[in-house]
Structures are given as C-alpha cells and as structure tokens.
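As a plain string of letters, each chain reads:
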Amino acid sequence: MVEYMTSQKYTEEVALNHLRHYLPHQNPLKDFINDNVLKPFQDLPFHQAMTNASVLFGYKTYSSLDTYRKLYQEGKINPKILQRIIIEQKGFDNWQLWHSNLVEKQYDTNWYNRLGQLHQIWTNQCHLNIEKEVHSFLFRFVGSYIDQGIAIQKFPVRNKSFLAAIKELECNSFIKIFKSKRVRQLLLHTHSSIKDLLDILVGDEQWYEQYLFDQQFAHAGWSGMVATVETHPEMLLDKRKITLHDFIIFELLLEIDALDRKFGEGKWKSLLHYINLGAGNVEKQCKINPMFAPIDKTELFEVYELWQNAYEWTFYDQALKGLQLAPAQKKVEKPYSFQGVFCIDERECSFRRYIEKLDNVQTFGTAGFFSMEFYFQPEHGKFYAKSCPAPITPKFVVRETEIRKHHHQKDAHFSKHSKNLFGGWFVSQTMGFWSAIQLAWNIFKPSETPALMSSFRHMDRESKLQFECKEDHLHDAHGLQIGYNLAQMADRMEALLKSIGLTHHFSDIIYIVGHGASSVNNTHYAAYGCGACSGQTGSVNARVAATIGNKSEIRAILKERGIEIPENTQFLGALHDTTRDEMDFYDENILTEKNKIAHLHHKGIFEKALALNAKERSRRFLLVDSHQPAEKVHKEVKLRSLSLFEPRSEWDHATNAMCIVGRRSSSKHLFLDRRSFLNSYDYAQDPEGKYLLGIVRAIAPVCGGINLQYYFACTDQYRLGAGSKLPHNVIGLVGVANGIDGDLRIGLPQQAVNIHDPIRLIAVIEHYPEVILQTIQKEAPTYQWFHNGWVHLVAIHPDTKALYKFNSGTWTEYKPLTESLPSTNNLEEILMSTSENLPIYLLEQSQA
Amino acid sequence: MNANYFIIAFILLPFLAFFITMFIDEKQEKLISTLTTLTIGTIFFGLVGFVVYWWTQGAAAINLQELTLYENDEYVFLIDFYFDKVSATYLLVGTFISLLIVRYSSYYMHLETGYRRFFSTILFFYFSYNFTVLAGNFETLFAGWEMLGISSFLLIAFYRERYLPVRNAVKVFSIYRIGDIGILLAMWASHHLWHINITFEQLQNYESVQVRLAEHSFVGLFIGICLVVAAAAKSAQFPFSSWIPRAMEGPTPSSAIFYGSLSIHFGVFLLIRTMPFWEQQIIVRVLIAVIGLLTAIMSYFTSIVQPSIKTQIAYASITQIGLMFIEVALGFEELALFHFVGNAFLRTYQLLVSPSVVAYLIREQFYHYKPLNDNKVKYWLSKRFYYGWYLLSLREFNLDRLMSKVVFNIFKKLGNKLDFLTYKNIFYYFFPTYIVGCGLYLAGNYVAPWLHTILPVLFASIALLMIMKAFSERRYPRLAWLLVFLGHFWIALAVSHNEYFGLGELVWYLSGIVVTGITGWYSLEWLKKKEPKLFSLYRYYGHIYEYPRLAGLFFICTLGLMGFPITSTFIGEDLIFSHVHEYQYLLAFLLSSCFVIEGIALIKIYARLFLGSHAKVYHETPLQSS
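These protein sequences, in sequence, are chains D and Z.
Per my numbering, the first sequence starts with residue 269, numbered consecutively.
Per my numbering, the second sequence starts with residue 145, numbered consecutively.
Possibly wrong hints are sitting among the right ones.
Said to hold, decoys possible - Derived PhoX-like pairs (lysine-lysine); straight-line CA-CA distance at most 20 Å:
1) Z:K672 / Z:K527
2) D:K906 / D:K598
3) Z:K527 / D:K530
4) Z:K760 / D:K422
5) D:K530 / D:K428
6) Z:K561 / Z:K549
7) D:K422 / Z:K561
8) Z:K673 / D:K444
9) Z:K557 / D:K530
10) D:K589 / D:K906
11) Z:K557 / D:K509
12) D:K906 / D:K876
13) D:K507 / D:K428
14) D:K900 / D:K713
15) D:K447 / Z:K315
16) Z:K673 / D:K428
17) Z:K514 / D:K530
18) D:K422 / D:K530
19) Z:K549 / Z:K315
20) Z:K673 / Z:K760
21) D:K673 / D:K684
22) D:K602 / D:K625
23) Z:K229 / D:K650
24) Z:K561 / D:K444
25) D:K678 / Z:K514
26) D:K625 / D:K400
27) Z:K557 / D:K428
28) D:K936 / D:K599
29) D:K373 / D:K678
30) D:K663 / D:K678
31) D:K530 / Z:K549
32) D:K684 / Z:K315
33) D:K400 / Z:K315
34) Z:K549 / D:K400
35) D:K507 / Z:K673
36) Z:K514 / D:K400
37) D:K862 / D:K602
38) D:K435 / Z:K557
For the record, the hints were derived by calculation from the structure and aren't laboratory data.
Keep in mind it's a predicted model, so treat the numbers as computed, not measured.
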C-alpha cells in the first residue's frame, strides 16, 4: 500500500493516482485474465493486507470464523498443525490462550469498513438516495460510450474524448443530459475541475479525496474499467478516449444535478454542513472516520490469520511429505516411447499421469506459450491477439494464411434484423418457429452452433503460419516484426529445452501440446483458455515451437550450444482441449514413415488417456454418472461444452493449490488430484538459476494470480467475485452486470469456485535454497510475491530432500508432521468413491 | 365429460407438483427437477393429444362450470373454465416453453442457492398461467392474474439478498397492481351490465351481446378502456414499458420464460379474450392501435441504442407486442396469435443464448471491424434532432421516471401530508368515528337519505387516506400494517352504508383479513422484539437471512391482507364491488384505488423488512449497485 496520511490539502493528481492504485483492474471480457483482485495491497504482507483491505473497503478477506471452526471439527484442519502454528507465531506460553480464542471465544465478526461514510450522509441526512438517482444513467451512458458492438445504433460522438462527447451532446441536442441550468453552466462554460465541483458538494478539502473514494468504490466495476481503458486503450478493439478524470467529472455533475432537481438549484448545503452540524447534538452529528487513518490489526484478524495458516499447512504438510518420499533417481534404461511437453496448467496434471501410466513416456511441463512470445493474427482478422503471458509485451507477430473456412460463421439469432420494427415482425413469425426447434434440439441433443467458443477453431489446422522472418526486420504497420529470424528462433528453442531440462535422451517424437477450452453461452470464456497465452488457445505457440524445433538450421545452432537433437527426432505440435478432452495434431505429414507408424500408436494412447482423464474429471460433475465406462463418460463430458444450459463446461482452475518446480521424476509418484501446477526443471542443468528466473517470473503472476482470484471469489462473492453468473447481463461486450442497472462485476463467478477451497498457492522448488533466494531477489516485483507471502515458497533440497520454508527473506527448515501417506494401486476406486477433494496418495504402480 | 378431466388436470397437476416441491429438501436437486419436468412433460403430451382429438371433433369451444364458491340471491362467485383456440394456442406454447425451460434449468441452476425455490416458483407460475389462460369468466381470470403478479414478484426478487432485484420486483409488482384496477373495474361494470356473472362463452353470443352493449354504450366504453389499461400494464405497453427490462433480474431462464415470452403476452391474450366487449367501440379500437403504435415506435428506438443485451431483447420483444396490439385492433386476432407464437419462441431463445453474444460479436468485430469515418457520419434529419433522439431513446423516453413521478410520488406526497395519522390519533379520533359510523349503520332507516349517498364516499375516502399513509409511512412498520388492516374495516363500513350488506358477506370479506392481519401483526411484533434497532421502513433490512420461516409466514399474511386468492377475502372483494351501484364511479374508483395501493404498501413492508442486503454484516454482503 502506498504510504499515505490524510492531508488537509487536496491535490487532484495525487487523489486520482491513489484511486487508480486501489481500483480493481480488470480487462474487458475478451481479455479476461485471472489475476489477484487485491493487487493494490500486494506491497504489504499478506495478512496485513487482508486486514487493511477489509477495513478500508469492507472486502471479506477470510472465510468466516464459523467456517474455520467447522473445518476444525470435521478434521479438515489438523490439530497438530494448528498447535505448531500457534506456538510458532504466539510462543509456547500463549498456546492455551490462543487455542481457546480460536476455538471458542466470541467475537464481533462484522466486517466493518470505512467506505461510504460521506456518501451515506446524502441518504441518511438529506433523504436522497443519491446512488439510486445517479448510477442507473451513469452506467448506461458510459456503457454506451464504451460499447463495442451490442447497440445497433452506436453512440453518436465516439471519436471524441468522453467529456468532449458529453459537451458536444449537451450543446447540440434538443434534449439535455442535465436538468439543472447551473450544472449545464458548470459543464459548458466554467470548465470546472474536479475540485470546483467538490467545492459545491463537499466544501472541505480535507474530505475531498475520501468523497471520491466513496463515490468511485460504490461502483468499483465501472470505475475500474474506465481506469483500465485509460491506461491500456488497446484493450478495446474499437478505441475510446476515456479517463478516470472525465468519468468523475461526469458523475459529480450528475450528483449536483440530482440534488438540484430534488431541492432546487443551489438550495441545498454541502456535506460540510452536515459533518459539522450541531456540535452539541450527538444524534445529528456525523463523526467521520478518516479513510486512510492508521489501521490496527485486531485480535480477530490475528485469529483469522492463525486459522488460515493452519488450514493451508494442513494440506501443504502432506504434499511436502509426499515430495520427500520420492524414490531415488533411476538411470534411463530403455528409451522412451515418446516425450510430451505440456503446459504447466494444473488441468494437465492428471492427463500427464494417465499418459505416463499407459506407456513408457516422459512428460514435461512449462508455461504454455513454450517460450514463443508473439501476437497472433488469424487470417481476415483485423486485430492481433496476444499469445504469451500478460506481463510480456512481444515485439513479434505471427500471421495465419491460407485457411479453408472463415473463422466467423453467422447466426441470424444475433442479427439486428430481429430487433427491427418490421424486420422483427417478419423474423419473429418465421425464424421464431425455427428458434423453437433449435432450442428444443439443443436442450435434448446439444450440438455445435456458431456461438461456440472452440479451441480447435482458434487456428485453422490446415492453414500456414507466417512465423519466419526471412528478410531481417520486416515490420508491420504497428512496428512489430513479422516472425522470428534464425537467431531469435534458436534462442527461444534453447530457452524452452534448457528450462525444462530436455537436453538429452530425445525420443523419436516429441509432442508439444498447447491447450485451450471449449464452451458455449459463457461470458468468461477467456478465463478457460491458457493463462500463459493471455487466455488464448496455445495451439499456435505449440505449432510454431514444433516447427522451429524441426528446422535443421536451428538444430545446428542448438548443437553449438550443447543441445544435440538426433536426426530422427521430430517435434509435433498438438492441442489439448481441456473441456472436451480431445486432441488435435498439426502438420502430421512432416513425419517420417517410421515416425508416422509410431505416431498412430501414440494417438491410441492419447485417446485412452483422454477418456480416462475425462472420467477422472467427471467425479466432480455431480450430474454425470462417473461409474460408467470411460468412453461413455467421455461422451457426456464432451456434450458439456456444447450445452447452452451448462454453466460449468469444465471446472477450470478450481481446487488449485500448489506449484511444483522440479524434475517430473520427483513428483511422478504422487497423486495430486489435479491440484498442482507442474513445471519441469532440472536444477542440475541450471546451477546458477538462469532459467529458474524465467520460471518464477511466470509462475508468480500467472499461477499466483489464478490462485488468488479463486481465493477471493470464494471469500467474498459480492465484492471480490462476480457472484452467480445466472442473472448476468452482457454490457457493451466489455463486462457483465446483474440486471440492467447493476455495476460491472469483477472477478470470477460463483459457478467457478463451488468446489474450491480458499488457500494460497505453495510453490515448491527443487534446488538449493541459496540459489533460489539469489534468483528470486533479482526482480523486485517477483520477489514481492514471495516476500509478502502472497505465494508460499518452499525449497526442497535436491540432495538431502530437506525442506526449507521461505519466510520474509529467510529460510527455516520445515519438518512435516505427516508421518506417512496412504498408498494405492487402485486409484480408480478411490476416485469414484467421492466427489470431494482427496488427500495425497502414493502411487504404487508408478514406473518412476 | 372426458374433456373436462383433461382441462382440470392441466390446472391441478402443476399445483399439486408445486405443493409437493415445497416439502422437498433443498439438496434433492434431482428429485425436484425430475418432478417438475415430469409434470410439465406429462401435461405437454396430454395436451398435444387432447388438442389433436379436440380438433378432429370440430374444435368447438368447451365451457366448464366448475365450482360455485359463493352464492346469494343476487350474486354468484364461480370458478369457470373455458377452452377454445386461443386457450389452446397459449397453452401449447406455454407448456412447450416451460418444458424446455425446466429442463434447461435443471442443469443451469445446479448448486445455486434457492434451487427448490426456483422450481416451486416456476411451477406456481405455470399453474397461474394455465389458470389464467383457461379462465372462463372475469373472476377466474382475475384470480389467475393476481397469482401471475405474485409469481413474477418472486422470480424477479429471486436474488433477494441484493438491492436491485428487490427494488425492481416491488416496482414491477406495483405496475401490475395498477393494471389490476383495470380488471377490477371492468369486472364491476360488467357485473352491472349483465346482472349475472357472465362467462366468456356467453360473450361469444354475438347478437345479444351487441344489443346489450348498444343500450349501455358508455358502460361498454368504460369496460373497454379498463381492459386496455390492464392489458397495457401486463404487456409493458405505453406508458408502462419501462418495467420490462427492470424485470430481468432473476436467473436468465426465468427472465426468458417470463418477460421474453409468456407473461409479457398476457395483454394480447386479455384483448383477444374480451374482444366482444370492445369490438364495436371504435374509440377503444383506436386506443389499442395508438398504444400499440406508440409502444412499437418508442421501444424500437429504445432497443436499438441500448448497450446491454437483455434490455435490447426486452424492448425488441415489446416492439412486436405493440404490433400485435395493432393487429388485434384491426381485427386480425388470428395473425396476432400466430405472431405471438413466433415472438415467444424467438425471444426465449435469444435471451437464453444472450451470454453467447460476447463470443459471437467479439469475433464479428475481430474479423469485420471498420473504423468510424468522420466524414461519412450522416445524421438523421439534423444533428440536433439526432442527438436528442439518441438521448431520449437511451433514457427509454423517460418512461421510468414518468411512472415513478406521476403515480408514486403523488401517493407519497399525499401520504406525507397525513402524518397526523399516529397510533394515538387513530385511537382517539378514528375509533370513535368508526363507532359512530357503525351506529349510523344500525340506525338504518332513521338516517337522512342524503347522508346515505355521502357516507359511503366519505368512509371510502377515509379508508383510502389510511392506506395512502400506510404507503408513505417510513418509520413504523406496524403502524403501516395497522392502517391497512383498519382500512379494510372502513371499506366494509362504506359498503354497508351503500347497500344492504349481509353479515354473511361481511364475514366472507373480513374473516381472511382478521386472521392474516392479526397473525401479521404478531409476526411484526416478534421481529421488533428480536431486532429493535433494525426495524423500520427506511431501508431494506434483509431479515430473511436470519428469519426465513418468519418471513414465509409474514409473506402469506401479506398476501392475505391484500386480498390474494388464498383467503375468502378475495371473494369478499368481489362481493364489495357488487354492492357499488353502476352509477357510482367515484366510489368504485376509491375502492379500487384502495385495493391497489394497499397491495403496494404491503409488499413494500415485506420487501423492506425481509428482503434486500442483510443489515448485519457478519457475512459478505453486496453493495447497492451490484
């Protein structure tokens, strides 16, 4: 948090920056990315941040006290762990006291906050619900201005900036936006600043900033959207010039207008009057708590902190024990049938387990853009889509050419004719009947429609990709280089292979598998995509990486750099659709005869693994009978992606809790229940942590961001999550709101997190602690994640298997309390026994 | 006779299923959805078979005089059902769409809090729908009409912990209630016109109807206008249009079934059903056409500028209903029926796939975007006009503000002037006055005749004043409740002075009120004791979070006190109107205003105390804007 004291003086720039800092930054729907919704607080230690966020804005940042106590009674919080944590944090002598505080003491558990005190005066003292008067039109107006294509008649003055557009309308229209003459004057002639308007409304500089906070956080969704579009205008394909400043001016004017309408122009008093009202009259006096006055951590929040830690370490403890129990490394005896490089995504965790089980296969995990950062431009596309983690800004573009079928298919149901007067008359009497049939068909037998978001349509599989930059520095209109030159390709390929430790023992075919998802009727479809590709599908990256890996020039360069890829080894790009559990392979015709035959065999293995994976996932889908044979379950799972009525075509990242960075052989023996991100990394090949830096740079914001977004959507579905998605209404293609007058919703919908437990991510890195520390300290933003405890970090010593817990800059050894883990050779039975989270199991059949 | 069993089954089965679902545990999702789907599915296939059979038999209209609930020398209250091609069309479409929607929702609503409540409400809606569509006389229709209003309230306020759904539910309910005046008055006038409880079947007897109407052309016109108001309110026609997008607060399938397709077409149904009343009234026909045309144009403009998908579809839907009004006015009721079917299907589907619009339109933008060229911008007529037109359309032609200003603010302002109505004053002044009134009634013939003409109006006015105060009361929920309760007694007194009003009739009218009124009072008393600090009408308190059972009980009391068809008061209300003479338009107006405003006042008490964001914040709570 920015250090801040309530100052008597108000400065516009400071206030606006302060607002921008705290407003939720959420991208428009097409670029929806999982990110920490409490990012503004990330400069504080996690638990302090939770306190502050809740005191300032009323966010509910923990589960409720009753929930923790219930978990404890149910045994989901381990008493031994709780004891250890209390003693660690509060000392041995206080253990009894804190234990009884945690378990039985009564607290005032209300989530009080400082927001809204000033704004409420209008309602309570003046009996004017100013939010009710202003919001509806404000949202509708700014929605129309930003609208990307819902309205059939668009906003008339969209080439001008927001405020200029308002002025233009107000000047030239026979219907006025504002009713009060004074307000019109303020807008058109006085060119009032925010301060001028606050002089009228509030009257005392001391409260100006706080008033703006009250006002803007009453609809944090819209304000956040405006702030995001202001700083990243490229987020909107159809650009708009809107700033938070303009937006606030407009809202202030609307407020003055509402007050003028109710009480008469100038016949009402500013808030100052009410704040100071009747010094002796206690009942009428408003005591205002300064928003940014120092915040004390209450005992209750310490209780929450202890509970949360105990809850988290109950899970971590067994997982860490499991990692310690890794069998000793074996020499590679016989060559692998094939190798596969997958995304780090925890949804690939079980899929990889099945592939490994079905054949002698080695799998790797890495961020799913496979070190190939670029913008992708599909054929006929008027814009680019970023295909790498959000924090990276690529300098390259990859173009698709020679497609067979246009990416955009039409559906008359979305056409504007049906909304015409006479067009509608005709359409409703003709197509209306067709709708009935289509609806009935989709409900009883779901099938593909043009509105389907399918990962397989992201790129045409038969198309060509223009990713090679033959003439140096061939640039497009935006100054981006079209494709990579040889050196750039080699650098990226080297980074990919070395970071996952794939530098020897190459098999004949190495699959590079990107992933994507399919869904229909889903406004948050971008959240289902690959986080490492900015929510896009990873197919292009996989295909580019594979093609580059097959180039003989590149292999020659790589050989100089110590990676010798045998001649008969071939890379093959592929795509895994995590919703449907289907795969597609690209450029299969490049395979040699021998490899083609092998590939056919591998496809069979993939097919089996996909079905088994679908079956495993289905245990979480209560409406699917998972006891049926895998193929049958798989069919039902596929249908989910096509069904209009399915709000959860897949569970996406729900239940994520861990991220393991290390050799696959160190985690292969564990059943992790699709809860862990898996990043392959061989410490031995990277003694200085050069590639580790690249890995942590990605996992902290990507995996940590995903994890925290899930966390907060669980603890506060109203203010930090989007609430139930069932009543959502699409506004201007940028966001969703409830009904027609609601604010834009931020975060994840309730339907995404039903099965999620709100615990932080633990990153376990297999390397020497001192190397890890040196590495993460290299970049301040990345280091902050670990230092402030927004992501837990544990080092597992590669030689001794000892565990070291990272705690604000220092390592302390961690000895798991879990003594042993259950082991199993019949995973299926365990999986089918419950739809709840499962503990960590040791896999007996593991071929590690 | 066989046909009758079918028709009864269409009404009773959904009610039975509704009743059963009330007792199923929330967690039993599968049971709830299967029961609902099976019920509606069975009816669908039964209905298809029945209609085919009925068609082959010549498609003659069937009248089903079902149940006489009340009878005295001059008045009969009977529940009557009627089946003809209009009912057949509405039933088929309604059942088919409901079937699709429940099947859809059984997956869509999975794990949602209130899963059972959703299905119960849908079943209740479906029951009311069939009840209304099959109604054979005004009384039956009115009962169904009221039930539709309540199920609509429940579905809009499905997310009862949030402010906007609750506020909008109250808003929509209020407008429905205004429409109800129309039916109530039409019923009253029609009663005097025919002197019997006329069924829709009898209305089909063209010649006798037209003869009678020609004799009483003013009454005919009056009935016609009342019906048009009722139809316009229910179908969100001008000037009531603005409620339709605000009703889109529930889960998308419920919005689709209600406001996209079924409920919204009831205005058209009412007009077709009561055609004989206004067929010959050129003024009424013109009125219908003008309302339809105005709505069509305004809502077309409104729909094309909206940046939110559901608003756009909602207005597109009522644009078409405006055209249906015109078709009906021109006498093409068959075309209107056909139009209804197409529009209902189309809008249901469009609403259900509305979340897809993001994927679809963003893709369209991605592949077909053309930047705006400043030089090519053309304004319709002139820039000044174009901008004005745009702003007006964006604001829905200010219809929302108009509604709350013209209608509700007047009530509110009047009510605010009535601050002298306190417990004390009621006790000191109104009690004695009431006793004097009763005395005068008992004195009967000794009272001067001119008093007899004034007293009913006076007492009805007092009732209205009390009810208005109840409507505008902000601080004391119990006072508001008491005022409505006492208002009913004043109404009874007013009518007793008007004409002989037997003790039996009084019991019919007041028994429901007394029971629900007292139970409701004690519920409030209990809540006040538990939550003394969170007990007023200034804001929404959301007490249902902690007191769901009490809320349920109080809701039933609220319904009882407003004369909802669950107690005898519903029939009593009708009885009261039968005692208002055909020339007493003022009295009729006063009484119907009482019924309308009391309904709104009561639902407000319920909503403010029990619904909305919970006043206690020990759990996560939504902001007003969410």
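Here's how the hints hold up against the structure:
1. Note on Z:K672 and Z:K527: the hinted pairing is violated, with a Cα-Cα distance of about 58 Å set against a maximum of 20 Å.
2. Restraint check for D:K906 and D:K598: the C-alpha separation of about 39 Å exceeds 20 Å, so the hint is violated.
3. Pair hint Z:K527 plus D:K530 does not hold up; C-alpha atoms about 31 Å apart against a cutoff of 20 Å.
4. Proposed proximity of Z:K760 and D:K422 is contradicted: the alpha carbons are some 43 Å apart, above 20 Å.
5. Taking the CA atoms of D:K530 and D:K428, the gap is near 32 Å; set against the 20 Å cutoff, the hint is violated.
6. At most 20 Å may separate the alpha-carbon atoms for a hinted pair to count; Z:K561 and Z:K549 meet this at roughly 17 Å.
7. At roughly 46 Å between alpha-carbon atoms, D:K422 and Z:K561 are farther apart than 20 Å, so this suggested pair is violated.
8. Distance check on the hinted pair: Z:K673 and D:K444 sit about 50 Å apart at the alpha-carbon level, beyond 20 Å; violated.
9. Between Z:K557 and D:K530 the CA atoms are separated by roughly 14 Å; this keeps the pair inside 20 Å, and the hint holds.
10. For a cut-off of 20 Å, the pair hint linking D:K589 to D:K906 is broken: about 36 Å separates their Cα positions.
11. Between the alpha carbons of Z:K557 and D:K509 the distance comes to roughly 44 Å, so the proposed pair goes past 20 Å and is violated.
12. Restraint check for D:K906 and D:K876: satisfied, since their Cα atoms lie roughly 15 Å apart, inside the 20 Å limit.
13. Among the hinted pairs, D:K507 with D:K428 is consistent with the structure: their alpha-carbon atoms are about 10 Å apart, no more than 20 Å.
14. Note on D:K900 and D:K713: the hinted pairing holds, with a Cα-Cα distance of about 16 Å set against a maximum of 20 Å.
15. Straight-line distance between C-alpha atoms of D:K447 and Z:K315 comes to about 24 Å, which puts the hinted pair past the 20 Å bound.
16. For the given pair, Z:K673 sits about 58 Å from D:K428 by alpha-carbon distance, which is inconsistent with the 20 Å threshold.
17. Of the pairs offered as hints, the one joining Z:K514 and D:K530 is violated, with about 44 Å between alpha carbons and a cut-off of 20 Å exceeded.
18. The hinted pair formed by D:K422 and D:K530 fails the criterion: a straight-line CA distance of about 32 Å is larger than 20 Å.
19. Pair hint Z:K549 plus Z:K315 holds up; C-alpha atoms about 13 Å apart against a cutoff of 20 Å.
20. Under the criterion of a C-alpha separation no larger than 20 Å, the hint pairing Z:K673 with Z:K760 is consistent with the structure, at around 16 Å.
21. Simply put, D:K673 and D:K684 have alpha-carbon atoms about 24 Å apart, too far for the 20 Å limit, and the pair is violated.
22. Taking the CA atoms of D:K602 and D:K625, the gap is about 16 Å. The hint holds against a cut of 20 Å.
23. At roughly 53 Å between alpha-carbon atoms, Z:K229 and D:K650 are farther apart than 20 Å, so this suggested pair is violated.
24. For the hint pairing Z:K561 with D:K444, the CA-to-CA distance comes to about 33 Å; that exceeds 20 Å, so the pair is violated.
25. In summary, the hint linking D:K678 to Z:K514 is supported, as the alpha carbons are separated by about 18 Å, within the 20 Å threshold.
26. For the hint linking D:K625 to D:K400, the alpha-carbon distance of about 60 Å lies beyond 20 Å, and the restraint is violated.
27. Restraint check for Z:K557 and D:K428: not satisfied, since their Cα atoms lie roughly 43 Å apart, outside the 20 Å limit.
28. The straight-line distance between the Cα atoms of D:K936 and D:K599 is roughly 15 Å, inside the 20 Å bound, and the hint therefore holds.
29. For the hint pairing D:K373 with D:K678, the CA-to-CA distance comes to about 62 Å; that exceeds 20 Å, so the pair is violated.
30. Between D:K663 and D:K678 the CA atoms are separated by roughly 33 Å; this puts the pair beyond 20 Å, and the hint is violated.
31. As the CA atoms of D:K530 and Z:K549 are separated by approximately 12 Å, the hinted pair is consistent with the 20 Å bound.
32. With a CA separation close to 30 Å, the supplied pair D:K684 and Z:K315 exceeds the 20 Å bound.
33. Distance hint between D:K400 and Z:K315 is fulfilled; the C-alpha atoms sit about 14 Å from each other, no more than 20 Å.
34. Among the hinted pairs, Z:K549 with D:K400 is consistent with the structure: their alpha-carbon atoms are about 15 Å apart, no more than 20 Å.
35. For the proposed pair D:K507 and Z:K673, the alpha carbon gap of about 57 Å is over 20 Å, so the pair is violated.
36. A hinted pair counts as satisfied when its Cα atoms are at most 20 Å apart, and Z:K514 with D:K400 does not qualify at roughly 37 Å.
37. Restraint check for D:K862 and D:K602: satisfied, since their Cα atoms lie roughly 19 Å apart, inside the 20 Å limit.
38. A threshold of 20 Å between alpha carbons decides the hint, and for D:K435 with Z:K557 the separation of about 35 Å lies outside it, so the pair is violated.
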